[in-house]
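K.L.:
We have chain C; now place chain Y onto it with these hints.
One line per chain: the protein sequences are C and Y, in this order.
Counting from 1 along the first sequence, just add 191 to a position and that's the residue number in this note's numbering.
Counting from 1 along the second sequence, just add 191 to a position and that's the residue number in this note's numbering.
Hints were generated in silico from the structure; no laboratory data involved.
One or more of the hints may lead you astray.
[Said to hold, decoys possible] Derived BS3-like pairs: lysine-lysine, alpha-carbon spacing no greater than 30 angstroms straight-line: (1) C:261 - Y:363; (2) C:354 - Y:339; (3) Y:216 - Y:195.
[To be verified] Covered stretches of chain C (chain Y as the covering partner; in silico rule of three or more C-beta atoms under 8 angstroms from a C-beta of chain Y): (4) 300-309; (5) 330-341; (6) 410-417.
[As the list claims (entries may be wrong)] Between beta-carbon pairs, the in silico distance windows are: (7) C:379 - Y:221: 37 to 43 angstroms; (8) Y:260 - C:374: 37 to 43 angstroms; (9) Y:379 - C:321: 49 to 55 angstroms; (10) C:234 - Y:250: 54 to 60 angstroms.
In this text, a Cβ means the ideal position worked out from N, Cα and C, and glycines have one as well.
Number of protein chains: 2
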Amino acid sequence: MKKKLQAIVLLSGGIDSATTLAIAKTMGFDVYALSFRYGQRHAVELKSARRIAKMNRVIRHLILDIDLQKIGGSALTADINVPKRKSTVPLRKNIPITYVPARNTIFLSYALAWAEVVGADDIFIGVNVLDYSGYPDCRPEYIAAYQKMAGLATKAGVEGKQKLKIHAPLIKMSKAQIIRRGIQLGVNYSLTHSCYDPSESGEACGECDSCRLRLKGFKDAGLEDPVKYKKKACR
Amino acid sequence: MKKKLQAIVLLSGGIDSATTLAIAKTMGFDVYALSFRYGQRHAVELKSARRIAKMNRVIRHLILDIDLQKIGGSALTADINVPKRKSTVPLRKNIPITYVPARNTIFLSYALAWAEVVGADDIFIGVNVLDYSGYPDCRPEYIAAYQKMAGLATKAGVEGKQKLKIHAPLIKMSKAQIIRRGIQLGVNYSLTHSCYDPSESGEACGECDSCRLRLKGFKDAGLEDPVKYKKKACR
Numbered sequence: 192m193k194k195k196l197q198a199i200v201l202l203s204g205g206i207d208s209a210t211t212l213a214i215a216k217t218m219g220f221d222v223y224a225l226s227f228r229y230g231q232r233h234a235v236e237l238k239s240a241r242r243i244a245k246m247n248r249v250i251r252h253l254i255l256d257i258d259l260q261k262i263g264g265s266a267l268t269a270d271i272n273v274p275k276r277k278s279t280v281p282l283r284k285n286i287p288i289t290y291v292p293a294r295n296t297i298f299l300s301y302a303l304a305w306a307e308v309v310g311a312d313d314i315f316i317g318v319n320v321l322d323y324s325g326y327p328d329c330r331p332e333y334i335a336a337y338q339k340m341a342g343l344a345t346k347a348g349v350e351g352k353q354k355l356k357i358h359a360p361l362i363k364m365s366k367a368q369i370i371r372r373g374i375q376l377g378v379n380y381s382l383t384h385s386c387y388d389p390s391e392s393g394e395a396c397g398e399c400d401s402c403r404l405r406l407k408g409f410k411d412a413g414l415e416d417p418v419k420y421k422k423k424a425c426r
Numbered sequence: 192m193k194k195k196l197q198a199i200v201l202l203s204g205g206i207d208s209a210t211t212l213a214i215a216k217t218m219g220f221d222v223y224a225l226s227f228r229y230g231q232r233h234a235v236e237l238k239s240a241r242r243i244a245k246m247n248r249v250i251r252h253l254i255l256d257i258d259l260q261k262i263g264g265s266a267l268t269a270d271i272n273v274p275k276r277k278s279t280v281p282l283r284k285n286i287p288i289t290y291v292p293a294r295n296t297i298f299l300s301y302a303l304a305w306a307e308v309v310g311a312d313d314i315f316i317g318v319n320v321l322d323y324s325g326y327p328d329c330r331p332e333y334i335a336a337y338q339k340m341a342g343l344a345t346k347a348g349v350e351g352k353q354k355l356k357i358h359a360p361l362i363k364m365s366k367a368q369i370i371r372r373g374i375q376l377g378v379n380y381s382l383t384h385s386c387y388d389p390s391e392s393g394e395a396c397g398e399c400d401s402c403r404l405r406l407k408g409f410k411d412a413g414l415e416d417p418v419k420y421k422k423k424a425c426r
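Bound-form chain C, shown alone (with noise of 0.2 angstroms):
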C-alpha cells in the first residue's frame, strides 16, 4: 500500500495560512499544522489556529512557545505602536515595522525539524509577495533558498534521499485571488483572524496593515468579510 503523503504547514491563524492548509488537503497531503506564541501582541490568532486545524482534521497541531520578544526589533513584538491609517492613505511600500526579523526563518527552521521527525518531505508555507512586497522573506528567491539549505540540513540530506519541497502556493495571488480560490476550497474565514492589534476580546481593528490589506482584499474579491470588526469607520 502506498504510503500516505505527509505535510507540515505553517498555520497562523490567518486567511493564508488558513487557504495554504486547505490547498495542502486538495492536493492529497495528510497535514501536521505547526503554530508558534512568538510574543505577539495578536496571540488571539492562535484561537483561530487550533479552530482551523480542527475543522480540517489534522494529524497533530503542535504550538510551540518560542521568545521573538527577548530579540525585538519589531512593533509586533517589542513595546512599539502598531501604525494606524485611514483606508485613505495608500498602503505601505517599505519595509513596515512589524516586520519581524528572520520570523520566516524561524518558523521554517522548526518545520523542518518537525518534518525530519514525522518523516515528512513536504512544508507549506503561505506567504505571498505581492500584498507583502516589503517582507524580504516572502519573496519566490528567499523560498528556492530556503528549500536548497534544507535539502542539505536534514540526515536525509546526508544519506541522499532527500526530497524535501518548501511550497509556498499563495507566493505569486493577490489577497482577492486566495479568497476567491479559499471559498472554491470551503475555507470558512469566519474562523480566522488578521489583525495585528485586536481589542481584548479579538475584534479586528480595521486599521492596521493587516486589517487593511483582507478588507480590500474581500472588497476586491467582490465579498463580505465575515469577521467583526471595532470601527466601522473609513471603509
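P.N.:
Same frame as chain C, now just chain Y:
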C-alpha cells in the same frame, strides 16, 4: 570614527563554541553571545556558557528558551537513553541518536534575527565536520547554503546592503587542533562543558560520544583535560 565590528556568536558552553568566541574576539569583533535552553539533558552547559560569556566581556549574552522537546526525535531532548561506550569501541560513523533534527538551522535562524536587530553582519558557529562527520548540519556545503539563504532573508538583503557572513572557523579542524588553537588564544577549558549526560552535580560521564571526542582531543593534543569526570576507568 570607524564603527567597531559586531558579531553574533552561538555559544553552547563547550570546547568548540568557547574557541570560536575566542577566534571572533581575536578577529576584532565585539560579541553578542547567544545560547539556548532547548530541553537538552545537559542544560548544565548553560552555566559554562554564562561563565565564558562573562570572562570574554561580551556586549550581551542572551539565553533563549526554545521548545525542541515537543518536536522530539533525539536522545538529547527526548526520553531516549544517551549511548555509552567503552573507549575501545570506535566512535560512530553514522548519524548518531544524539543528533537533534535541524538544531543548527534553528540556532542560526535566531542568530540571524538578532544580527538583523543589532545591525551585525557576522555570525559565528563552532561546527566542525571532522569529528562530527555524522551531523548533516555541520558540513561546509550546508553552511554555504545557509549563508546564501540568510543573505536573502533580511531587510538588508532586500536593500542590497547584505554582507552577512556565517563564519565556521573550526569546520575543518580536528578536536586536538581546536584545543591547541584555543590554548594559544588563552581559552580556559576548565570553564567548558561537553558531556551529553552529566551527573546532577554536573560531572561529565566520560563515556558518551561527546566526552570521548573531548578526551581523545586532549590526549591527541598532548594535554590534560581540566574538567572533572565521574569515572576514570578505560581512559
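K.L.:
Give a verdict on every hint.
P.N.:
Results for each hint:
For the hint linking residue 261 of chain C to residue 363 of chain Y, the alpha-carbon distance of about 33 angstroms lies beyond 30 angstroms, and the restraint is violated. In summary, the hint linking residue 354 of chain C to residue 339 of chain Y is supported, as the alpha carbons are separated by about 20 angstroms, within the 30 angstroms threshold. Between the alpha carbons of residue 216 of chain Y and residue 195 of chain Y the distance comes to roughly 12 angstroms, so the proposed pair stays at or under 30 angstroms and holds. Under the rule that three or more residues need a Cβ within less than 8 angstroms of chain Y, the assignment of the region 300-309 of chain C holds, with 7 such residues.
Counting residues of the region 330-341 of chain C whose beta carbon lies closer than 8 angstroms to any beta carbon of chain Y gives 8, which meets the minimum of three for the stated coverage. Restraint check on the region 410-417 of chain C versus chain Y: 0 residues with Cβ-Cβ distances below 8 angstroms, three needed, restraint violated. For residue 379 of chain C and residue 221 of chain Y, the Cβ-Cβ distance of about 51 angstroms falls outside the hinted range of 37 to 43 angstroms, so the restraint is violated. Hint check: residue 260 of chain Y to residue 374 of chain C, Cβ distance near 39 angstroms, so the stated range 37 to 43 angstroms holds.
A hinted range of 49 to 55 angstroms for the beta carbons of residue 379 of chain Y and residue 321 of chain C is consistent with their spacing of about 54 angstroms. Taken as a hint, the range 54 to 60 angstroms is violated for the pair residue 234 of chain C and residue 250 of chain Y, whose Cβ atoms sit roughly 30 angstroms apart.
Figure legend: structure checked against the earlier numbered hints; hints not met, in rising order: 1, 6, 7, 10.
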